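J.: Chain by chain, the residues:
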Amino acid sequence: MDKEDIGILIVDDEFSVRDSLAKWFVSDGFRVGTAESADAAMSKLGEQPWDIVLLDIKMPGMDGIEFNRHIRSVDKDIIVIIITAYSSVDTAVQALKDGAFDYVSKPVDPDDLTHTIRNALEKRRLAQENLQLKQRIEDLTMPDDIVGTSPQIKRVLEMIATVATTDATVIIRGESGTGKELVARAIHSNSHRRYAPIISVNCGAFTETLLESELFGHEKGAFTGASARRKGKLERADKGTIFFDEIGNISPKMQMDLLRVIETKQFARLGGEAPVKVDFRIISATNRDLEEAVATGEFREDLYFRLNVFTIDIPPLREHPEDIPLLANYFLQMYSRSMTRGVREISLEAMQMLASYDWPGNVRELRNVIERAIVLSSGEKIIGRDLSFPFRYRAKQSGGDTLEEVEKAHVARILERAEWNISQAANALGIDRTTLYTKIKKYGLSKQS
Amino acid sequence: MKSSKLYVVPIRLSDNSLLDPLLTYLAHSFRLETEVLWRELDLASTHNAERDQYHSTAILAQIIANPPDDAFRMLGVAGVDIFVPVLTFLFGEAQFKGLGALISTFRLRNEFYGNAPDMQLFQERVLKEAIHELGHTYGLVHCNYPGCVMNSSTDVEDVDEKNVLFCRVCAGIVEQGSPH
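Sequences listed follow chains A and B, in order.
Just so we're aligned: 312 in the numbering used here is position 312 of the first sequence, and the numbers increase by one with no gaps anywhere.
Numbers in the numbering used here are just positions in the second sequence, counted from 1, shifted up by 1000.
Take the hints with a grain of salt, since some may be wrong.
[Claimed, not checked] Using 20 Å as the maximum straight-line C-alpha spacing, the simulated SDA-like pairs for lysine to any residue come out as follows:
{"hint": "1", "chain 1": "A", "residue 1": "K381", "chain 2": "A", "residue 2": "K442"}
{"hint": "2", "chain 1": "A", "residue 1": "K23", "chain 2": "B", "residue 2": "A1049"}
{"hint": "3", "chain 1": "B", "residue 1": "K1097", "chain 2": "A", "residue 2": "D19"}
{"hint": "4", "chain 1": "A", "residue 1": "K23", "chain 2": "B", "residue 2": "Y1113"}
{"hint": "5", "chain 1": "A", "residue 1": "K3", "chain 2": "B", "residue 2": "I1173"}
{"hint": "6", "chain 1": "A", "residue 1": "K3", "chain 2": "B", "residue 2": "F1096"}
{"hint": "7", "chain 1": "A", "residue 1": "K106", "chain 2": "B", "residue 2": "D1052"}
{"hint": "8", "chain 1": "B", "residue 1": "K1162", "chain 2": "A", "residue 2": "H115"}
{"hint": "9", "chain 1": "A", "residue 1": "K97", "chain 2": "B", "residue 2": "F1096"}
{"hint": "10", "chain 1": "A", "residue 1": "K23", "chain 2": "B", "residue 2": "L1099"}
{"hint": "11", "chain 1": "A", "residue 1": "K106", "chain 2": "B", "residue 2": "T1057"}
{"hint": "12", "chain 1": "A", "residue 1": "K3", "chain 2": "B", "residue 2": "Y1145"}
{"hint": "13", "chain 1": "A", "residue 1": "K3", "chain 2": "B", "residue 2": "G1139"}
{"hint": "14", "chain 1": "B", "residue 1": "K1162", "chain 2": "A", "residue 2": "D111"}
{"hint": "15", "chain 1": "A", "residue 1": "K23", "chain 2": "B", "residue 2": "V1141"}
{"hint": "16", "chain 1": "A", "residue 1": "K3", "chain 2": "B", "residue 2": "T1154"}
{"hint": "17", "chain 1": "A", "residue 1": "K3", "chain 2": "B", "residue 2": "V1141"}
{"hint": "18", "chain 1": "A", "residue 1": "K3", "chain 2": "B", "residue 2": "C1170"}
{"hint": "19", "chain 1": "A", "residue 1": "K3", "chain 2": "B", "residue 2": "S1152"}
{"hint": "20", "chain 1": "A", "residue 1": "K106", "chain 2": "B", "residue 2": "T1088"}
{"hint": "21", "chain 1": "B", "residue 1": "K1097", "chain 2": "A", "residue 2": "R31"}
{"hint": "22", "chain 1": "A", "residue 1": "K106", "chain 2": "B", "residue 2": "D1081"}
{"hint": "23", "chain 1": "A", "residue 1": "K23", "chain 2": "B", "residue 2": "C1170"}
{"hint": "24", "chain 1": "A", "residue 1": "K106", "chain 2": "B", "residue 2": "I1173"}
{"hint": "25", "chain 1": "A", "residue 1": "K23", "chain 2": "B", "residue 2": "T1154"}
{"hint": "26", "chain 1": "A", "residue 1": "K23", "chain 2": "B", "residue 2": "F1096"}
{"hint": "27", "chain 1": "A", "residue 1": "K106", "chain 2": "B", "residue 2": "K1162"}
{"hint": "28", "chain 1": "A", "residue 1": "K442", "chain 2": "A", "residue 2": "L403"}
{"hint": "29", "chain 1": "A", "residue 1": "K3", "chain 2": "B", "residue 2": "F1089"}
{"hint": "30", "chain 1": "A", "residue 1": "K106", "chain 2": "B", "residue 2": "R1051"}
{"hint": "31", "chain 1": "A", "residue 1": "K265", "chain 2": "A", "residue 2": "G342"}
{"hint": "32", "chain 1": "A", "residue 1": "K3", "chain 2": "B", "residue 2": "G1147"}
{"hint": "33", "chain 1": "B", "residue 1": "K1162", "chain 2": "A", "residue 2": "D28"}
{"hint": "34", "chain 1": "A", "residue 1": "K106", "chain 2": "B", "residue 2": "F1096"}
{"hint": "35", "chain 1": "A", "residue 1": "K23", "chain 2": "B", "residue 2": "A1058"}
{"hint": "36", "chain 1": "A", "residue 1": "K106", "chain 2": "B", "residue 2": "A1049"}
{"hint": "37", "chain 1": "A", "residue 1": "K23", "chain 2": "B", "residue 2": "S1017"}
{"hint": "38", "chain 1": "B", "residue 1": "K1097", "chain 2": "A", "residue 2": "K265"}
{"hint": "39", "chain 1": "A", "residue 1": "K23", "chain 2": "B", "residue 2": "I1064"}
{"hint": "40", "chain 1": "A", "residue 1": "K23", "chain 2": "B", "residue 2": "Q1120"}
Keep in mind that the hints were calculated from the coordinates and are not lab data.
Quick caveat, the model's predicted, so the values are computed rather than measured.
Let the sequences and hints guide you as you build the complete structure.
T.: Right under this line is the structure:
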């Protein structure tokens, strides 16, 4: 970052302090602003971004301690350096406890001041680098989360690889819990935009007004409570990818605004006029039938075609049940490690239960069931009773449709759940032990099966 | 009259012998005609008894008041210790892209640090600080190019580490700001 891109705001009620520090930092090449009070500083903070605030403790009106707290509550990234007289060092210490970076005592040695600023900038650089690295690691590791060897999942992975190298817009379709965001992240992290962020927007989570502010950001005073300028998600996604989840839920007005942004690649923050230029890739996801929404006029056709250059359909888990054991073991390893539990395997009975469930909540539901089971498990193995399903257990009728076939599967499942304790199983089935033995013999059931 | 001259204003210097080489070198560095301008300044009004230092900004204001018609730049060279209220001391102060600059020789002498006098080193330091502060009047900011005279100096060791010359980029900016 060039020094001229770094803004230092000097807040002090003494003119000579503001003037001399401003000259000092201007000659050092920084962008410099001054404010004679906390109120004036608040206006400046709303006008443009500042990296460092040099803040006097003793000021009429709101003092430096209080203003420091205010800055921390508005923007934690701003580095505050307290300017204090020797007599008020105790107060400066209080400011440090409230999150100020450092303090300097008036008069300050030029060398100390230079070092304090250098340290502050280094801290800021490291924090930003850390954030970028975290984001990058997250992006790079995400593709591993798409697990599966079924032809359906292989097809999804192939499509991700194909579309990632282009800048085409993508719509990802799939039921809730199928992993639409994972696919969006996989596309992003394999694209040339991977070193810039991917920003997610859940379009279904906001009212129209809030979504507008979330996307476009706002200028100070754009609405009640907008006490400082705020970047929107579109601006934060610049050079990267923006992921619109539940795109089918946006209002007609927002559809029009979004179309305009896509066409002009620029927009204005709420309450502002200056155009903000942006360059991002759009990936959207929906569990609605967008074509039907277009046909009924609920979704703009022109926007639909802009967003839908490429479509990826993620199958529901029930359509690729062969991936369930792989996924279940993947989640077992992942959570067992992160929760430092010694659960190492899933019993045959439990795996049969997982494989025979129809998973209305898809992969997300499977992940949650495994996570809960690890918590509940008392040994090294997840067994049937460790499993609890958020929806009523609906076993697929894989054993056949005849009454005998259904009965055989049901008796076998109850025996597994009771760990072949005949009395418990008979009790659960509502029959006596002799009848249960007869059925075990009739269906050829054994503990190993 | 076209302004083209660099006036050097001596302020309570214990030894005026450094003026001649300073004027010669500044004339060469900035390609300006240089001349000493003797001015009566009210230093007492800029003195802070508690700190026993002189307010730099106030002195600078007096230096540039009523400049000669042909003044392109005005440089004060003070033998006293200077300060601004928020800093403990200054080697110099300049008006960014402005007319005037001021340097203090007080902390440039070896004796100030308890070392043996070294006249040649002292003159070099004075020259570096003079060029540096005048550089700010051309709109130059502190430069990170190793050795450039516009490197920031917050102690005398920093002053010694840099050269008396501008780097090529800074020299280009000074050239553009030249009256010729």
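J.: To test your reading of the hints: which numbers does this structure violate?
T.: As far as the earlier hints go, 1, 2, 4, 9, 24, 27, 29, 31, 34, 37, 38 and 40 are violated by this structure, in ascending order.
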